[in-house]
Amino acid sequence: MTTLFWPTLSRVKAPRAWLAALFWLVLALVVAVLPLLTHKTRNVDHTVLGFFSVAVLPLLSYAIVGVSIGTRRSLLDAVIPLLRFGAPPLKSACATLVVATASAAAVCFTLGVLVVLVAGGRVADAWTTGWISGLGASAYAALFTWGAAYGAKGAGRSFLLGVDWIFGSTSGAFGAVFPRAHIRNLLGGTPAAELSSRASSATLVLLTLVFGLCACLAARRAARFSLS
Amino acid sequence: MIELVNVSARAGTQRANGVTLRLDAGLHALVGHPEDGPLPLLATIAGAMKPRKGTTTLDGHATFAADARKTIGYVPRDPKLPLSLTVHETLKLAWTIRGLALPQPKAALEQVGCVHLADRMIDTLSRAERRSVSLAEAMGAGVRLLCVAEPLSDIEGAARVRDVFRACVARGSTVVVATASLRDAEALGAALHMFDKGTFVRTMHAADEWALGERPAFRLFAPDARAVATLLADHEDVRAVALDESGSLLRVSGHDWDKLASTIASAVAQSRVSIQSLAPESASITAVHAALAGDAQRASRVALERAQRPQEPPHNPGEGSTT
Chain A
1 MTTLFWPTLS RVKAPRAWLA ALFWLVLALV VAVLPLLTHK TRNVDHTVLG
51 FFSVAVLPLL SYAIVGVSIG TRRSLLDAVI PLLRFGAPPL KSACATLVVA
101 TASAAAVCFT LGVLVVLVAG GRVADAWTTG WISGLGASAY AALFTWGAAY
151 GAKGAGRSFL LGVDWIFGST SGAFGAVFPR AHIRNLLGGT PAAELSSRAS
201 SATLVLLTLV FGLCACLAAR RAARFSLS
Chain B
1001 MIELVNVSAR AGTQRANGVT LRLDAGLHAL VGHPEDGPLP LLATIAGAMK
1051 PRKGTTTLDG HATFAADARK TIGYVPRDPK LPLSLTVHET LKLAWTIRGL
1101 ALPQPKAALE QVGCVHLADR MIDTLSRAER RSVSLAEAMG AGVRLLCVAE
1151 PLSDIEGAAR VRDVFRACVA RGSTVVVATA SLRDAEALGA ALHMFDKGTF
1201 VRTMHAADEW ALGERPAFRL FAPDARAVAT LLADHEDVRA VALDESGSLL
1251 RVSGHDWDKL ASTIASAVAQ SRVSIQSLAP ESASITAVHA ALAGDAQRAS
1301 RVALERAQRP QEPPHNPGEG STT
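Those sequence lines, one after another, are chains A and B.
Just so we're aligned, residue 1 is where the first sequence starts under the numbering used here, counting upward by one.
Just so we're aligned, residue 1001 is where the second sequence starts under the numbering used here, counting upward by one.
Calculated from the structure, these hints are not laboratory results.
Even glycine gets a Cβ: it sits at the ideal position worked out from N, Cα and C.
Keep in mind that the hints are not guaranteed to be accurate.
Which bits of chain A does chain B cover? Going by a derived footprint, with three or more residues having C-beta under 8 Å, they are [what the hints assert, rightly or not]:
| hint | stretch |
| --- | --- |
| 1 | 2-9 |
| 2 | 72-81 |
| 3 | 87-99 |
| 4 | 219-226 |
Using 30 Å as the maximum straight-line C-alpha spacing, the simulated DSSO-like pairs for lysine-lysine come out as follows [stated by the list, open to error]:
| hint | chain 1 | residue 1 | chain 2 | residue 2 |
| --- | --- | --- | --- | --- |
| 5 | B | 1092 | A | 153 |
| 6 | B | 1053 | A | 153 |
| 7 | B | 1092 | A | 13 |
| 8 | B | 1050 | A | 91 |
| 9 | B | 1070 | B | 1050 |
| 10 | A | 13 | B | 1106 |
| 11 | B | 1070 | A | 91 |
| 12 | B | 1070 | B | 1053 |
| 13 | A | 153 | B | 1080 |
A few chain B residues that don't get close to chain A, going by computed Cβ distances all over 12 Å [unchecked claim]:
| hint | residue |
| --- | --- |
| 14 | 1013 |
| 15 | 1015 |
| 16 | 1060 |
| 17 | 1126 |
| 18 | 1169 |
| 19 | 1236 |
| 20 | 1258 |
| 21 | 1259 |
| 22 | 1277 |
| 23 | 1280 |
| 24 | 1305 |
Using the sequences provided together with the hints, build the complete structure.
Here it is, written out as structure tokens:
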């Protein structure tokens, strides 16, 4: 099973693959430090709840999934090189998903901590923002990996990014299906479907598992008829 | 043994319909134009595509199953290999997935003449180079079934391909190729399974000269080929020599491709004639199909004539004989 991780890990380790992610990293830190430089005031809540959680977190997770699967490729394209040698489709897709999710969680956890510290926040707040970012990023990564199983060159990934942006911004029950609503709730914004913080945390874990399972099953179904 | 039972497969406009075929150990060629369906059929044999209808099995096991693919090597027109790994890493990955004790990657690459590619990244390779790497991987894995699309075209180290296939067959594996070139199929010494408009027509062998034409044969162009013709005319490796009226086009047929080529080369060197071209002569697939269709029509006509002939009473020598 560990062999199945090799191709995805090699993609993730390649420095040139991280250019898009680097852009969002730098932008998030610049936005975090700007209030301190211009107005000489701290505005951690605005920075974290605003630009970082609304824009950077989903787009950075989107970019990391793109790095894991490969630029302009579907999930099936990413695992076919394994399937042609006899690797099982479900495990191969699962390996790609695990690397994408873990990478997104690690990077976004680190960035969440840095953004709060750079914006002048407390260490406890930085830690909280970090784990919320990591948890949210893993749910996003699973969602976008599932999207990458559909459409030419994984265009379903972009579709789900848009759907999350539109419906996840609402506070109704339907919005609770998307990571955006729960991340907002955990960072002190409007709760989704009036859920508590603990319920939102559990829902994010559940969404990660459900989206991940959907991604693996979609890849297995796509590989049922052809490996080309 | 590979068994296809009523297999239909499609890839775009390329279709194979209702093919039933049995392929024993050895070298086989699925011969036909792209629209005749040999390539999607090869994909189903290799386990890369599930047949739309029917079953494709290797020793009784469906080829479109992960476990079956571990024993099958497939070299399509455009192999999909892990782009972010080197050739060396790709071979190790493949053999680990196949569950093999890792053979030496360089030894496998040496067989196809591609040792120089060992440290290259897959995404820097040309298509021909990727096909060679796929072939090296299959050879290193010692697969039971090797499927190659267009084996002598767009592949690095094409000159070694025939030796690679012979080595495969010698250890008991089956090699199946798909090609639109009858000449390539004959050069490999394969059993020819002819396809026409998606349908399997017939299995042919080199001895079927009535359809394939007299072979092996070469065509030679030279300003004056008479001297070469004279030297070849009585040679034991030459079956027939034909020179056109202008004396510049020479057709030579023999018994063995390699010996004939060598004989012609010696004659050219000895005569010191400057030649413009020398190429093997091959019947076209269309001509073979026409010959097969003509043969089928003749067979139908003969069967019809026999059915229409009035029944003669059986001859009984015991009655009315005057011996």
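Each hint, compared with the structure:
For a cut-off of 8 Å, the count of residues in the stretch 2-9 of chain A with a CB near a CB of chain B stands at 4, and the three-residue condition holds. With 3 residues having a beta carbon nearer than 8 Å to a beta carbon of chain B, the stretch 72-81 of chain A meets the requirement of three or more and the stated coverage holds. Coverage of the stretch 87-99 of chain A by chain B holds [criterion: at least 3 residues with CB-CB distance below 8 Å; count 3]. Requiring three or more residues with a Cβ within less than 8 Å of a Cβ of chain B, the coverage given for the stretch 219-226 of chain A holds, as 3 such residues are present.
For the hint pairing residue 1092 of chain B with residue 153 of chain A, the CA-to-CA distance comes to about 27 Å; that is within 30 Å, so the pair holds. For the hint pairing residue 1053 of chain B with residue 153 of chain A, the CA-to-CA distance comes to about 28 Å; that is within 30 Å, so the pair holds. As the CA atoms of residue 1092 of chain B and residue 13 of chain A are separated by approximately 19 Å, the hinted pair is consistent with the 30 Å bound. A threshold of 30 Å between alpha carbons decides the hint, and for residue 1050 of chain B with residue 91 of chain A the separation of about 20 Å falls inside it, so the pair holds.
In summary, the hint linking residue 1070 of chain B to residue 1050 of chain B is supported, as the alpha carbons are separated by about 16 Å, within the 30 Å threshold. Restraint check for residue 13 of chain A and residue 1106 of chain B: the C-alpha separation of about 25 Å stays at or below 30 Å, so the hint holds. Between the alpha carbons of residue 1070 of chain B and residue 91 of chain A the distance comes to roughly 15 Å, so the proposed pair stays at or under 30 Å and holds. At most 30 Å may separate the alpha-carbon atoms for a hinted pair to count; residue 1070 of chain B and residue 1053 of chain B meet this at roughly 23 Å.
Distance hint between residue 153 of chain A and residue 1080 of chain B is fulfilled; the C-alpha atoms sit about 15 Å from each other, no more than 30 Å. Distance check on residue 1013 of chain B: its Cβ is at least 15 Å (rounded) from any Cβ of chain A, clearing the 12 Å threshold; non-interface status holds. Under the 12 Å C-beta cut-off, the non-interface status given to residue 1015 of chain B relative to chain A holds; the minimum distance is some 14 Å. Here residue 1060 of chain B stays apart from chain A, with its beta-carbon at least about 17 Å from theirs, past the 12 Å limit.
With a closest Cβ-Cβ approach of about 17 Å to chain A, residue 1126 of chain B is found to remain outside the 12 Å limit, as its non-interface label requires. Every C-beta of chain A lies more than 12 Å from that of residue 1169 of chain B, the closest at about 22 Å, which supports listing it as non-interface. The beta carbon of residue 1236 of chain B sits about 48 Å from the closest Cβ of chain A, which is more than 12 Å, so the claim that it is off the interface holds. In this structure residue 1258 of chain B is separated from chain A by more than 12 Å, as the shortest Cβ-Cβ distance comes to about 35 Å.
No beta-carbon of chain A comes within 12 Å of the beta-carbon of residue 1259 of chain B; the shortest separation is about 40 Å. Its beta-carbon lying about 38 Å from the closest one in chain A, residue 1277 of chain B satisfies the requirement of being farther than 12 Å from that chain. Consistency note on residue 1280 of chain B: stated as away from chain A, and its beta-carbon is indeed over 12 Å from all of that chain's, at 32 Å minimum. The Cβ of residue 1305 of chain B lies farther than 12 Å from every Cβ of chain A, with a closest approach of about 48 Å, so its non-interface assignment holds.
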